[in-house]
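For reference, the chains in residue letters:
There are 2 protein chains.
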Amino acid sequence: MTASKPAITLGLIGFGNVGQGVHEIVNTNQAMIAQRLGGQSVNIKTICVRTPEKYKHLVQTETLTNNPNDIFTDPDIDIVVEVIGGEDPAYDYIVQALSHKKHVVTANKELIAKHKKTFFELAKQHDVDILFEASVGGGIPIIKSFKVGYSANQMQSVYGILNGTTNYILTKLFEDQQAFDTVLKDAQALGFAEADPTADVSGLDAAYKIVILTAVALKLDIQIDDVFYQGIDAIQLTDIQYLNDMGFRVKLIAKATRVMDKVFAAVYPTAIPVDHPLAMVRNEFNAIFSMGNMVGESMIYGKGAGSLPTGSAVMSDILDIAFDIKAQLSRRHLETSLGTCPVLSIDDNQTEFYIRLSVSDEPGALEKITNTCSDASINISKLIQKERLNNTATVVILTSQVAESAFNSFKQKLKGLSVVHAIDAVIRVGL
Amino acid sequence: MTASKPAITLGLIGFGNVGQGVHEIVNTNQAMIAQRLGGQSVNIKTICVRTPEKYKHLVQTETLTNNPNDIFTDPDIDIVVEVIGGEDPAYDYIVQALSHKKHVVTANKELIAKHKKTFFELAKQHDVDILFEASVGGGIPIIKSFKVGYSANQMQSVYGILNGTTNYILTKLFEDQQAFDTVLKDAQALGFAEADPTADVSGLDAAYKIVILTAVALKLDIQIDDVFYQGIDAIQLTDIQYLNDMGFRVKLIAKATRVMDKVFAAVYPTAIPVDHPLAMVRNEFNAIFSMGNMVGESMIYGKGAGSLPTGSAVMSDILDIAFDIKAQLSRRHLETSLGTCPVLSIDDNQTEFYIRLSVSDEPGALEKITNTCSDASINISKLIQKERLNNTATVVILTSQVAESAFNSFKQKLKGLSVVHAIDAVIRVGL
Chain A
1 MTASKPAITL GLIGFGNVGQ GVHEIVNTNQ AMIAQRLGGQ SVNIKTICVR
51 TPEKYKHLVQ TETLTNNPND IFTDPDIDIV VEVIGGEDPA YDYIVQALSH
101 KKHVVTANKE LIAKHKKTFF ELAKQHDVDI LFEASVGGGI PIIKSFKVGY
151 SANQMQSVYG ILNGTTNYIL TKLFEDQQAF DTVLKDAQAL GFAEADPTAD
201 VSGLDAAYKI VILTAVALKL DIQIDDVFYQ GIDAIQLTDI QYLNDMGFRV
251 KLIAKATRVM DKVFAAVYPT AIPVDHPLAM VRNEFNAIFS MGNMVGESMI
301 YGKGAGSLPT GSAVMSDILD IAFDIKAQLS RRHLETSLGT CPVLSIDDNQ
351 TEFYIRLSVS DEPGALEKIT NTCSDASINI SKLIQKERLN NTATVVILTS
401 QVAESAFNSF KQKLKGLSVV HAIDAVIRVG L
Chain B
1 MTASKPAITL GLIGFGNVGQ GVHEIVNTNQ AMIAQRLGGQ SVNIKTICVR
51 TPEKYKHLVQ TETLTNNPND IFTDPDIDIV VEVIGGEDPA YDYIVQALSH
101 KKHVVTANKE LIAKHKKTFF ELAKQHDVDI LFEASVGGGI PIIKSFKVGY
151 SANQMQSVYG ILNGTTNYIL TKLFEDQQAF DTVLKDAQAL GFAEADPTAD
201 VSGLDAAYKI VILTAVALKL DIQIDDVFYQ GIDAIQLTDI QYLNDMGFRV
251 KLIAKATRVM DKVFAAVYPT AIPVDHPLAM VRNEFNAIFS MGNMVGESMI
301 YGKGAGSLPT GSAVMSDILD IAFDIKAQLS RRHLETSLGT CPVLSIDDNQ
351 TEFYIRLSVS DEPGALEKIT NTCSDASINI SKLIQKERLN NTATVVILTS
401 QVAESAFNSF KQKLKGLSVV HAIDAVIRVG L
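If you read the sequences in order, they're chains A and B.
For the first sequence, the working numbering assigns the number 1 to the initial residue and increments by one for each residue that follows.
For the second sequence, the working numbering assigns the number 1 to the initial residue and increments by one for each residue that follows.
FYI, nobody ran anything at the bench for these hints, they're computed from the structure.
Watch out, some of these pointers could steer you wrong.
What the hints assert, rightly or not - Label pairs and their computed distance ranges (CB to CB):
1) Asp176(B) to Asp245(A): 22 to 30 Å
2) Ala179(A) to Ala179(B): 27 to 35 Å
3) Ser337(A) to Leu237(B): 22 to 30 Å
4) Asn244(A) to Asp176(B): 20 to 28 Å
5) Lys117(A) to Pro6(B): 29 to 37 Å
6) Arg388(A) to Asp176(B): 37 to 45 Å
7) Ala7(B) to Asp225(A): 36 to 44 Å
8) Gln401(B) to Gln188(A): 34 to 42 Å
9) Pro6(B) to Ser99(A): 35 to 43 Å
10) His57(A) to Ala7(B): 54 to 62 Å
Claimed, not checked - Per the computed footprint, the stretches of chain B lying under chain A, defined by three or more beta-carbons under 8 Å from a beta-carbon of chain A, are:
11) 149-157
12) 290-300
13) 305-314
Said to hold, decoys possible - Chain A is nowhere near these chain B residues, computed Cβ spacing over 12 Å in every case:
14) Thr182
15) Ala322
16) Gln401
17) Gly416
Note that beta-carbon positions come from the ideal geometry of N, C-alpha and C, so glycine has one too.
Looking at chain A on its own, in the form it has when it is part of the complex:
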């Protein structure tokens, strides 16, 4: 950490997709990076992987090791780049790195979502930084936007498309008019979905990310259990088409928003108006909207995954730290001061709903349904009878805004009607 230090030196833990992206960027943009750092270069010295021999053909001057202590105890290494993902052993590696006074850059959303407070305190204690731009939105510099771009704003809400896999699937469902399982298989074959797609499809991945954005944008510390999340596995092509007819596109929206003196954080499939900019976000792209008390509405959009985009975000953190090392400055970052705030339950969420029902095709059936609506004080903004088949009619209803708890009681009452054969789908509407 002296000014005469010839280069900022990195140790990589993990050398998969993202690690190799960082390696490629360090090599390809080396001259440019050195120029931006006023002549100081950035070098990777050591790479820690489980099976070093497997990666020999990919490296030139870097040392491969399977012992992470080679990195933690190396006085040359300034920054540890953790890109193995998952909780174990990555948690221990980050704790080790910080305790050895190494700056840490990580792409690990699960770890940051779960252990941000511990990491921030440990980093402060050892006077080093932990940065995690790549943990949300791949190459999109969303965390830096809140830190420096919107720094003069109180953010009211942050919401958007944070998972590329599910956005790819929803795009294909709609555009190719195929069933969920077919699209998922294609996505897996193309590398847009993992062999086990559970974390993406269930909404858990986006839930981790909204926990992080709640910290970064709203400056509030919430936990993964505070986030209501629901995935896209129950989404059917029929509903995507019916909602399209009504002017909506279905997207998996993650959001965190201040509601009076509480915070609400959730991930669920949402029907959004086709002319909203988020409706235009296709395939594996991500986009994040935010509302600040001064700047108003903003959006940032880009590639949510991939070796080089994610590597670009990791490198931007490395350059941030490198600037500080060069200036012999220790600049504590802002997320260390996180507030707490009560969490609004999903039951109190106010939203519009789309419902699809199978109903007896008989006189008076619709009347019974509309009566149930008015008894439950649910306002119908649209009711459309779709197909009729074998004495069963398909009916879709769009409600006006209602609390989830009230909607759930209403749903029970609907189920109790003899003319209602089934509630086939429920999708929340509006941002």
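Following the hints, position chain B against chain A.
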């Protein structure tokens, strides 16, 4: 500039729309800003305006003056915020401020576009900063995105909607199907266009902004004369409708792009595909796309004008400088190292074209036109005959990509055809 300094102190020059926005943000978000600065507050001490008495009702503790030297020579003042706009006397004020070792934050696009090199050198010489986030894209933190978010990328191109007034007009033209003059008058009445809208409508405003983005994103120093610009005053509703039928939306696009070893910078009305995210940018919003060699395609979107959004951008610069003052750090900013590069002429620009012709409604007329196309090696990707009226047919043609110079010769040949009564419109197509 000592660590014990009780507050970061501002002097404002100008107290119009943007200046009052900064004032409101300093007051409204005071506690939050102090918290982000680790306890240090930001105060406005002095405001310089031509007629101080006019503003007395708007200020509390601030001193109003009509003498800018009260700001330049005040040892308490750390940062001069120039928000009067225009070249004269703002240029002198910035030179004075920098020469008095004051940091400068400005929203002045014309000045930065014209005098960036002078200002950067002067700032370096006096070891202070000049920041100008608010000069492009209003509240959108576009300059900070290139500085910190995409810092590990070589940017290939930057393009987008940089002028809110013209985007508002084009949106209304299309959505309300009204003529240009009607829409302009409404925009003026609503405050979305100035009484003299020339700088906006002619494309000059966007041209200044693309000069700045060329410096910030591509790290190249170009001048306003290097930018080919063309406004929206010749855009007719007919063409907006015809292009809509073909799947395009007309937007005023500013762009700077590396083409081989040259740079091309231009502003002109462009027909872009309706499913491109820029096509969704409505009313006074701005959006900027960029392509980086690692991160790929990104977009950032938000309010391109207005008191509080622009004030938010000014304040983000103030906070950046405040951090550095607090850390007793002088951090030279990146744009000081600008390269030069030959500029590609508009004649060598490769683009598709949309042309609308009035043609004799007689046998063989279309054949003469298509022959002229093939003689000039212009490939037609679409030719549609629209209305026929009084022996005149309206024909629209969409070409494939061609150099502007070749297209211009072709246009001359078309004009020479006896069957062509007039070339009524030419609009470039594609991003």
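Structure-based check of each hint:
Checked against the hint of 22 to 30 Å, the pair Asp176(B) and Asp245(A) passes, with Cβ atoms roughly 25 Å apart. Range check, Ala179(A) to Ala179(B): about 48 Å between beta-carbon atoms, so the 27 to 35 Å window is missed. Range check, Ser337(A) to Leu237(B): about 54 Å between beta-carbon atoms, so the 22 to 30 Å window is missed. A hinted range of 20 to 28 Å holds for the C-beta pair Asn244(A) and Asp176(B), which are about 25 Å apart.
Between Lys117(A) and Pro6(B) the beta carbon distance is about 31 Å. The supplied range of 29 to 37 Å therefore holds. Taking 37 to 45 Å as the suggested C-beta distance range, the pair Arg388(A) and Asp176(B) conforms, at roughly 40 Å. Checked against the hint of 36 to 44 Å, the C-beta distance between Ala7(B) and Asp225(A) comes to roughly 41 Å, which is consistent with it. Checked against the given bound of 34 to 42 Å, the beta carbons of Gln401(B) and Gln188(A), roughly 37 Å apart, stay inside it.
The beta-carbon spacing between Pro6(B) and Ser99(A), approximately 36 Å, falls within the hinted interval of 35 to 43 Å. The hinted window of 54 to 62 Å between His57(A) and Ala7(B) holds, with their beta carbons roughly 58 Å apart. By the rule of at least three residues with a Cβ nearer than 8 Å to a Cβ of chain A, the coverage given for the region 149-157 of chain B holds, with 6 such residues. Here the region 290-300 of chain B counts 9 residues with a CB under 8 Å from a CB of chain A, which clears the bar of 3, and the coverage holds.
Taking a C-beta to C-beta cut-off of 8 Å, the region 305-314 of chain B contributes 6 residues in contact with chain A, enough for the three needed, and the coverage statement holds. Listed as a non-interface residue, Thr182(B) keeps its Cβ farther than 12 Å from every Cβ of chain A; the least gap is roughly 23 Å. Listed as outside the interface, Ala322(B) is inconsistent with that label: its C-beta sits roughly 10 Å from the nearest C-beta of chain A, within the 12 Å cut-off. No beta-carbon of chain A comes within 12 Å of the beta-carbon of Gln401(B); the shortest separation is about 24 Å.
Separation of Gly416(B) from chain A is adequate, the least Cβ-Cβ distance of about 43 Å exceeding the 12 Å criterion.
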